[in-house]
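Student: Listed below, chain by chain, are the residues.
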Amino acid sequence: MSQRQVLQIFEQYQKARTSFVQNVAELATRPQNIEILQNAGVMSLLRPLLLDIVPTIQQTAALALGRLANYNDDLAEAVVKGDILPQLVYSLAEQNRFYKKAAAFVLRAVAKHSPQLAQSVVDCGALDALVICLEEFDPGVKEAAAWALGYIARHNAELAQAVIDAGAVPLLVLCIQEPELSLKRIAASALSDICKHSPELAQTVVDAGAIAHLAQMILNPDAKLKRQVFSALSQIAKHSVDLAEMVVEAEIFPAVLTCLKDSDEYVKKNVAMLIREIAKHTPELSQLIVNAGGVAAVVDYIGETRGNVRLPGIMMLGYVAAHSENLAMAVIVSKGVVQLAIALSEESEDHIQAAAAWALGQIGRHTPEHAKAVAVANVLPKLLQAYLRADVSEDLQIKAKKALKNILQKCIHLPALEPLLHDAPPNILKHVVGQFSKVLPHDSKARRLFVTSGGLKKIQDIKTEPGSALAEYINTINNCYPEEIVKYYSPGYSEALLERVEQYQPQ
Amino acid sequence: MATMIKLIAQKDEFVNQTYELRNEAEVAREREFQATVRVQAWFRGQRTRAYIKYLNECATEIQRRWRAFLGRRHFREVVKQQVFIMKLNHYNAMATKIQKTWRGFFTRKYIFNYYSRKRYLEGLKIKNELIRSELEDYAEQQEMMTQIKREKMQKQRLDEFTKKNHFLVSTEVIPGVYNNPYKPYPEEIEFHLRGAKKLLVEEQKKKAKAKSEENIFDPGCTRYDLPRLKEPLPPLAERPQGPFREPSDVQKQRYKPFQPSLRVSTNFYSLDEARQLMRQEEWINRINDDIFLPASKRPVHYEKLLHTTSKYGHLEYGTKYFRQEFPDQWLLQNKDFQSVVPPIPIFEKLNDTYSQGQV
Numbered sequence: 001m002s003q004r005q006v007l008q009i010f011e012q013y014q015k016a017r018t019s020f021v022q023n024v025a026e027l028a029t030r031p032q033n034i035e036i037l038q039n040a041g042v043m044s045l046l047r048p049l050l051l052d053i054v055p056t057i058q059q060t061a062a063l064a065l066g067r068l069a070n071y072n073d074d075l076a077e078a079v080v081k082g083d084i085l086p087q088l089v090y091s092l093a094e095q096n097r098f099y100k101k102a103a104a105f106v107l108r109a110v111a112k113h114s115p116q117l118a119q120s121v122v123d124c125g126a127l128d129a130l131v132i133c134l135e136e137f138d139p140g141v142k143e144a145a146a147w148a149l150g151y152i153a154r155h156n157a158e159l160a161q162a163v164i165d166a167g168a169v170p171l172l173v174l175c176i177q178e179p180e181l182s183l184k185r186i187a188a189s190a191l192s193d194i195c196k197h198s199p200e201l202a203q204t205v206v207d208a209g210a211i212a213h214l215a216q217m218i219l220n221p222d223a224k225l226k227r228q229v230f231s232a233l234s235q236i237a238k239h240s241v242d243l244a245e246m247v248v249e250a251e252i253f254p255a256v257l258t259c260l261k262d263s264d265e266y267v268k269k270n271v272a273m274l275i276r277e278i279a280k281h282t283p284e285l286s287q288l289i290v291n292a293g294g295v296a297a298v299v300d301y302i303g304e305t306r307g308n309v310r311l312p313g314i315m316m317l318g319y320v321a322a323h324s325e326n327l328a329m330a331v332i333v334s335k336g337v338v339q340l341a342i343a344l345s346e347e348s349e350d351h352i353q354a355a356a357a358w359a360l361g362q363i364g365r366h367t368p369e370h371a372k373a374v375a376v377a378n379v380l381p382k383l384l385q386a387y388l389r390a391d392v393s394e395d396l397q398i399k400a401k402k403a404l405k406n407i408l409q410k411c412i413h414l415p416a417l418e419p420l421l422h423d424a425p426p427n428i429l430k431h432v433v434g435q436f437s438k439v440l441p442h443d444s445k446a447r448r449l450f451v452t453s454g455g456l457k458k459i460q461d462i463k464t465e466p467g468s469a470l471a472e473y474i475n476t477i478n479n480c481y482p483e484e485i486v487k488y489y490s491p492g493y494s495e496a497l498l499e500r501v502e503q504y505q506p507q
Numbered sequence: 001m002a003t004m005i006k007l008i009a010q011k012d013e014f015v016n017q018t019y020e021l022r023n024e025a026e027v028a029r030e031r032e033f034q035a036t037v038r039v040q041a042w043f044r045g046q047r048t049r050a051y052i053k054y055l056n057e058c059a060t061e062i063q064r065r066w067r068a069f070l071g072r073r074h075f076r077e078v079v080k081q082q083v084f085i086m087k088l089n090h091y092n093a094m095a096t097k098i099q100k101t102w103r104g105f106f107t108r109k110y111i112f113n114y115y116s117r118k119r120y121l122e123g124l125k126i127k128n129e130l131i132r133s134e135l136e137d138y139a140e141q142q143e144m145m146t147q148i149k150r151e152k153m154q155k156q157r158l159d160e161f162t163k164k165n166h167f168l169v170s171t172e173v174i175p176g177v178y179n180n181p182y183k184p185y186p187e188e189i190e191f192h193l194r195g196a197k198k199l200l201v202e203e204q205k206k207k208a209k210a211k212s213e214e215n216i217f218d219p220g221c222t223r224y225d226l227p228r229l230k231e232p233l234p235p236l237a238e239r240p241q242g243p244f245r246e247p248s249d250v251q252k253q254r255y256k257p258f259q260p261s262l263r264v265s266t267n268f269y270s271l272d273e274a275r276q277l278m279r280q281e282e283w284i285n286r287i288n289d290d291i292f293l294p295a296s297k298r299p300v301h302y303e304k305l306l307h308t309t310s311k312y313g314h315l316e317y318g319t320k321y322f323r324q325e326f327p328d329q330w331l332l333q334n335k336d337f338q339s340v341v342p343p344i345p346i347f348e349k350l351n352d353t354y355s356q357g358q359v
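The listed protein sequences derive, respectively, from chains A and B. Taking the numbering used here, I'd label the letters of the first sequence as residues 1 to 507. Taking the numbering used here, I'd label the letters of the second sequence as residues 1 to 359.
Accuracy of the hints is not assured; some may be wrong.
[What the hints assert, rightly or not] Residues of chain B clear of chain A, computed beta-carbon distances all greater than 12 Å:
hint, residue
1, R108
2, F258
3, D290
[To be verified] Per the computed footprint, the stretches of chain A lying under chain B, defined by three or more beta-carbons under 8 Å from a beta-carbon of chain B, are:
hint, segment
4, 174–186
5, 323–337
6, 353–365
Note that these hints are calculated values from the structure, not bench results. Built from N, CA and C at the ideal position, the CB exists for glycine as well.
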């Protein structure tokens, strides 16, 4: 056999390997092929190819593995069990940038599924290798490494702590300052994932000087970058007053409000989340947001969006109103109540309705003036309806009841209370009648109106146990009227009259 | 003597008389004694009673005085207390008044001022309106930008299309596919196609220009001038007339510090000293006498290539050619095909032979 023919065999083998790996990588992009590939034992075939002498085959094998591991956690676990990770980690430090990218992709795909898998990635010593990749010159490698670190850190506080201990944060902060948009995006997302677990982690990120760089990118035209930036800022601000104040001190305030008008839904949502996380801490921070016109912007935002996107806005109004009556008045003046009422009636999902009910309760609980503003927006019947609906979730029921109670205990605007007399259950009715019993003894016009609108008659129909609070309130109301009128409206009075007619003896 | 006799005569009588008197006295003595006792008792009683009365009066006087003293003391106490209470009440009332006024003032000024609250809310309303309008403007601007971008993209796409499909334009004789003769007007794209030639020409010009900029030397060019300045250069700074240097330069040169050459200024043995110092430092800082090597530099046995070890040397197979060729078996022996059919003359004069008009 000539030498040429011998070499031809080698060449064929190499070509076959290349085409196999390329085809598997191609097939792994489609979800419907994955199961077939898995059953064909693709894992055990790909593993030796990771150690192939040809770099292209190595890279493509890593890419195929990454795609497979990306698909579901079973395959990711198969990658872990196949002892592929140490090999990848070893080659992360050794190989060229294309291979590094592919290896980081595999690590990311494995880590994304569950904390256990992420932990196994960490146990292989991947963190140090990934951190070294962050120092690479090539932005693609940095991007892949930052992505993998973010996916590891997002599961729980221990993993995030491990990422921080590996020294990733300063490098991620450097990555934010790079000119490439995608790298910035991914680094911001990784920072957000690290910050979200605990105040200490967020403090570490802040100490690395992330806030100033994040705040600079608020007005970046790229929507996806803005999403991540706002998410990171809100994750930092959510933990404590100090962190929130540091975020505010980056002078984000009038600027972020413009992003509430962004064309991208998620940008809007993340901005609203950021504002909410800042507002929830102290009255001073809320005041700052109110003074910057934030409440008006959020109210407009609630009006323009639908569904889950408007939820953080609703909660932000609730938090602001909860701090003090002055802030609640600011929300009312900014026409927040009307938007919340609209949200309460037009949203179909229970948790959004619950948030709206809670926010309305926070607004209405301060003074009669606030309660009146809420009641005039025709909120009380809607809250009652939400409370009484048959298929309502427990959370919404509790929130609606609490809101009703808060508002009713301050409300002295009787026309709004009137409809509740007719269709409220006894535990709500107690508060309604209580408000009437407080107002009627001092207001003659209201007494008159109460009789003509049929309220007095309704009150006489209520069955009460003697000695209960409700009975006491009814008694107080009855004492405001002459005895004949009360008798006239009490049930069974006509029979009593007829009986008197029967018993009457004409002289 | 007579008298004496007389007296002696009378002596009996006298004695009798004395006896009688004595007897009488004896008889009366008891009574008189009782009477005397009585009188004495009365007198003593009177006297004692008077004394006791006197004593009583004295005691009463003392008591009266004492009690008056005590009473006055008590009265003073009570009055003092009453005055104190009165004063206290007064002061309390005054303090309340002061507190009331102060608290009212303080609260109105710093805690809840109705008017300032009202003003604040008014201000907030204005601020809200401002923010709303600003955001509105921003959104509008954003919308406009995207609109412009979209239009630009559409225009670009249309230009691309027209450039690529410029042959679809209708000619004088044959209407194009976008120019249906049964319709009163041609389609819009037809007009774009008519401008396609201009676009193509522009593009060619641009390409030619880029090319000419690439190679600066143009053999067709007639003159090579330096680029003209649009504005004259700014005037030079004023200097003293004559071939003099600036006084400051002269000063500097005169007081120039001594600058020996490197060779003069350094020790002749400095290199050896530095080497020794470095060696010492290395010896001190060294932790392990065996030098660490990075993992990538681990010794790998060099395997010689298959090609170089064989005595036949390289084959060009796989680098220069992949398939065995047998040129001697080719039919045509490196000659191309040649057409033998003459051209069809009718195609040459396409627009001349066909009549213009209906299709």
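Student: All the hints need checking, so say for each whether the structure fits it.
Tutor: Here is what the structure says about each hint:
1. R108: Holds, since 15 Å exceeds 12 Å.
2. F258: 47 Å, holds
3. D290: B:D290 clear of chain A: closest Cβ-Cβ about 22 Å, beyond 12 Å.
4. 174–186: violated (count 0)
5. 323–337: Three-residue rule met by the segment 323–337 of chain A, so holds; n is 5.
6. 353–365: violated (count 0)
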